[in-house]
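Peer 1: All chains should be modelled from the sequences, with the hints used to inform the complete structure.
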Amino acid sequence: MRKYIKMLSFEFKNISRDKITVVMLVYPLLVIAMGAYIMPLLLTEFGGDTPGTQIAGLVMIIIFAALGPFITAALLGFNLLDNRDDNTLDTIRVTPISLKGYITFKAVYAYILSVNASFWIIFATKHLSGDAYTFMGVDLFKDFTLGLIIVYSFIAGLFTPLFGLFLSAVAKNKIEGFAYMKTSGMIALLPALVVINTMQDWKQYFLGLTPIFWPVKGLMTGASLLDHSHNLPTWGYFIIGVIYMGVLIVTAYKVFERKIQN
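If you count the sequence shown from 1, position 71 lands on 70 in numbering that gives the first Met the number 0, and the numbers rise without skipping.
Some hints here could point you the wrong way.
What the hints assert, rightly or not - Calculated pairs, EDC-like style, for lysine to aspartate or glutamate (alpha carbon to alpha carbon, straight line, at most 16 Å):
id: 1; residue 1: K202; residue 2: D226
id: 2; residue 1: K125; residue 2: D142
id: 3; residue 1: K99; residue 2: E256
id: 4; residue 1: K125; residue 2: D138
id: 5; residue 1: K171; residue 2: E256
id: 6; residue 1: K105; residue 2: D81
id: 7; residue 1: K141; residue 2: D226
id: 8; residue 1: K173; residue 2: D81
id: 9; residue 1: K141; residue 2: D130
id: 10; residue 1: K171; residue 2: D81
id: 11; residue 1: K105; residue 2: E256
id: 12; residue 1: K258; residue 2: D81
As the list claims (entries may be wrong) - Computed beta-carbon distance windows for the label pairs:
id: 13; residue 1: T43; residue 2: V107; range: 36 to 42 Å
id: 14; residue 1: K181; residue 2: Y36; range: 37 to 43 Å
id: 15; residue 1: N196; residue 2: D130; range: 24 to 30 Å
id: 16; residue 1: V249; residue 2: D138; range: 36 to 42 Å
Source of the hints: derived by calculation from the structure; they are not laboratory data.
Quantities reported herein were computed from a predicted structural model and do not represent experimental measurements.
The beta-carbon is built from N, C-alpha and C at its ideal position, and this holds for glycine as well.
Peer 2: See the structure below:
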């Protein structure tokens, strides 16, 4: 345990020098600014108080909710690619910290940052935006309770170690990793398609192939948004999300471990 505390101490001391960690801490503020001030202004300016603007506002909420774990995951992936390119992972093999322990530490560290980012992005956007997400008399943030936001953040944060390990396992270098990140970014935002009427019945579960769909849909259901007879209970989406992402995290780690041993 002491060796991991020393690693954590090193991470804290290295915050100002590690560009990736700085981005991890700063990007939630940028997303909050976008969600609380810029996007509501654009929606009101160009959409007005219409059903279409209400749907657009809902899409924005889904995208901002998914951005927290996705961006942190991409940063974790780049960090692990950095370690691999610099042969840091080979050096760790001869230290008291096992390679598995080091990867686990990095994944947990990024997970905690992801949970923190996801919580503050939703919580701060809700409270700083005022009634900016109220369309046609409906406040989209009305039922986003503190408990719901916390549960969502802890579950959605699992996407960070999953995608971070996957990115660092399949990419040969940071340039290829960036290409994968851009492509996967489109996939990570697929849950926003659930606002389409034709995707709210049983077809919504096709979107479930994207892991982040499950906590996002649980968040929407818990907030009494996108109600439909084909919906699962809120806890159903959350439980499936935990199990699905848990299995994929183990799989991604095995692929990553096999990759660095070759």
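Peer 1: Which numbered hints does this structure break?
Peer 2: Hint check: 14 fails alone, others pass.
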